[in-house]
Each structure stands twice: as structure tokens, then as C-alpha cells.
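Engineer: Chains as they are written, first to last, in my numbering: chain A, 1 to 126; chain B, 1 to 85.
What the hints contain is simulated information worked out from the structure, not anything from laboratory work. Honestly, I wouldn't trust all of these hints.
With a cut-off of at most 20 Å between alpha-carbon atoms, the simulated EDC-like pairs for lysine to aspartate or glutamate come out as follows [to be verified]: (1) A:2 with B:2; (2) A:39 with A:29; (3) A:115 with A:102; (4) A:2 with B:52; (5) A:2 with A:58; (6) A:115 with A:101; (7) A:2 with B:81; (8) A:115 with B:2; (9) A:96 with A:3.
All of these numbers come straight from a predicted model, not from anything done at the bench.
Next come the chains, spelled out residue by residue.
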Amino acid sequence: MKEILVATLSFVGATFVLLAALGLLRMPDLLTRMHSTAKAGTLGTGLMLLAVAFHYGDVGLASRALAAVVFIALTTPVAAHMIARAGYLLGATLWKGSIVDELAGRYDHTRRILKPPAPKKPGQRA
Amino acid sequence: MDALNVIFVILAVAMVLAVARFIIGPTLPDRVIALDTIAMISLGTIAVSAIERESPDLLDVGVLVAFVTFLGTVAFALYIERQAP
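Chain B with its partners taken away, still in its complex shape (with noise of 0.2 Å):
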């Protein structure tokens, strides 16, 4: 299908984006947002996927990125919380 690989191009152009803030994201609460961001990409690839391949099972691997993903935002906030001053 056509109008889904427009989809994608715009996710791609969110992922360099997203890929930008990660390396030059000052700080490492700044690094923490662009890594959610960057899931939350792989999240709406991973959906748009299913569609295009007719493979319903795909949906699974975006709910376990989701869920993995809040985990790992979770206990990096507590790291940075414990080094803070």
C-alpha cells in the first residue's frame, strides 16, 4: 500500500529527530526523554507494520516495547534521583 510508506518516511523523519535530541541532549534527564521518544517511535513503526504485513501478532512486540520502555524510563528516573545533591 501506498499512503503507508508515507507513514513511515514521517516516522523516520521523527527518529532523526528524536535520534539529534539523544546526542546533543545536555543533560542526562534530557537523554532519558529523547530515548522515550525514540520508543514511542519504534511503538508507532511496529503498529504500522501489522497493518502493512497482515501479521497480527506484531502487536504483542509494540505492548512489550511499551511496557519495557516505562520500566526502563522508571528506574533511570530513580538513578538520576539518587545522584542528584
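So that you can see chain A by itself, here it is in the shape it has in the complex (with noise of 0.2 Å):
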């Protein structure tokens, strides 16, 4: 039964894993791959980690991977975001076929802020 647990566990995570490679690979741009590694990755080794923890059993051991899966929660959305800000600041480009860019032309890249938006409209669309 444990074993069960610990195989699908185990796999799940790894097929996780190899999606994100898969859309690393595919995706069209910058922000789509990242799109893709950020939250499949994330979840794949979370998986797996439970695994390790379920497969132990130890109460110490079963903490310390729940502890990394935690961590690894935690920072993997804060690397993705610095790195997506850094590649649009250096000037990725989008996939052609992407329809709204709501940064075009508010950052001032001199003083390195970001301008407030544009006033909208009455009965404009967002």
C-alpha cells in the first residue's frame, strides 16, 4: 500500500517534471516557457519530495521534506518573477501572437520606475 502510494506519488511528479521541460522547449517566448516551468516544475518536485516523505515515514525526515517543499513554494515564484522583469527590462520579445502588453511604454528606463497607467475612459474596455 505505502509502496503504491510512493510510485504514483513518484511519477506523477516526474511526468510534472517532464512537461515543464517539454513546454521549456516549445513554448514560443520568454514568458510563456517561464509560464511553463515556474508552476509545473514547482508541483513536480513537490510531489516527489512527498514521496521521499512517505516513503520514510519518520516523523524528522517526513518535517525536513515538507520543510523543502515549502521553501521551494516559496522562492520558486519570486525567481520567476525577478527573471520575468529582468527579461522584459532588457527587452524580450513577445510571441506575435500575444494581444495586450499593459507595461508598453509606462517603464522610464532611466530612473528605473514604472509610470502609473493612462487615465481610462468612460466605457472603455480594460
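Using the hints, put the two standalone chains together into the complex.
Structural biologist: Dropping the structure here:
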């Protein structure tokens, strides 16, 4: 029973990591690649660490594995946000099918600040 | 255990895909996220190895890999942002 649980968790986790790597290779631009790796990769590694926790069933080891899961879930979005911001500032080209870029023309590159959005006209869609 | 060998094969395929993106990735941020993904796959391999070899000490190695990866990604992000026009 425990072996089935461990095998299922690690298989699903490895599959999510494989999907993250596939998205990293196949997606068209930087931000969509990051969309693939940050979420699917976090879920996959988290599931595999949970499999370690269930396999040993020891309280100290399981708490360490859960702390690792929490650490990864906290740090991956921060790192992805910083890389996305740096890539956008470097001038990452968006996919040609992208329909909205809300930051276009709002970055002041010399002072490194973001200008407030232009006031909306009544009746304009967001 | 045979089931774990399947998982190692899946992780090896994922590693090949991530290394391909690391080689062809046109810009520096692409390579940084490819490196992040390579570290994630390594962490998964370490976790599955901890199950297969019955050596729970490998879990600490995985935690250390995750920590160093986070610091490296943040350092790369600051470096890229300084390079931006």
C-alpha cells in the first residue's frame, strides 16, 4: 500500500517535471516558457519530495521534506518574477500572437520606475 | 525496484529537453530559466535516489540544491537587470 502511494506520487511528479521541460522547449517566448516551468516544475518537485516523506514515514524526515516543499513553493515565484522583470527590461520580444502588453511604454528606463497607467476613458474596456 | 527505473528514464528525457533549451535559448534569460529547470530535475533525481538507495541523508543535499538554485537565479536576475538599457 505504501509502495503504491510512493510510486504513484513520484511518477506523477516526474511526469509534471517532464511536461515543464517540454514546455520550456516548445513554448514560443520567454514569458510563456517561464509560465510552463515555474508552475509545473514546482508541483512536480513538490510531489517527489512528498514521496520521500511518505516512503520513510519518520517524523523528523517528513518534516524536513515538507519544509523543503514549502521553501520551493515560496522561492520559485520570487525567482520567476525577478527573471521575468529583468527579461522584460532587457527587451524580451513577445510572441506575435500576444494581444495585450500592459507595461508597453510605461517603464522609465533611466529612472527604473513604472509610470502609473493612463486614465481610462469612460466606456473603454479594460 | 523496477518502478523507480521508469521514473529515472522520465527524468532523463526531461533533462535532455532542458539542456536543449539551454543550448539554443536565444537570450540570457532563456538560459537562466533553463538552468533553473535543470536544477529542478536534479532535485527530483536526488529525491528519487533517496528512495531507491534507502539513504535519507540525500534529502539534505536536495534542500541545499534548491537553496543554491534560488540564490543563483536571483543573482542572475540582478546581473541581467543591470545590463538592461
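Engineer: For the pair supplied as a hint, residue 2 of chain A and residue 52 of chain B, confirm whether the alpha-carbon distance does not exceed 20 Å.
Structural biologist: holds, 14 Å
Engineer: Given the hinted pair residue 39 of chain A and residue 29 of chain A, is their Cα-Cα distance within 20 Å?
Structural biologist: The hint holds at about 16 Å.
Engineer: Check whether the Cα positions of residue 2 of chain A and residue 81 of chain B lie no farther apart than 20 Å.
Structural biologist: With Cα atoms ~47 Å apart, residue 2 of chain A and residue 81 of chain B exceed 20 Å; violated.
Engineer: Checking one constraint from the list: CA of residue 2 of chain A to CA of residue 58 of chain A, max 20 Å. Satisfied?
Structural biologist: holds, 13 Å
Engineer: For residue 96 of chain A and residue 3 of chain A, compute the direct alpha-carbon distance and say whether it is at most 20 Å.
Structural biologist: violated, 47 Å
Engineer: Holds or violated: residue 115 of chain A and residue 101 of chain A, Cα atoms, limit 20 Å.
Structural biologist: OK: residue 115 of chain A and residue 101 of chain A at ~14 Å, within 20 Å.
Engineer: Is the straight-line distance between the alpha-carbon of residue 2 of chain A and that of residue 2 of chain B 20 Å or less?
Structural biologist: holds, 16 Å
Engineer: So if I understand the rule, the pair passes when the alpha-carbon distance is 20 Å or less; does residue 115 of chain A with residue 102 of chain A pass?
Structural biologist: holds, 11 Å
Engineer: Has the given pair, residue 115 of chain A with residue 2 of chain B, been kept, meaning a C-alpha gap of at most 20 Å?
Structural biologist: Measuring from Cα to Cα gives roughly 57 Å; hence the hint is violated.
Of the numbered hints listed earlier, those contradicted by the structure are 7, 8 and 9.
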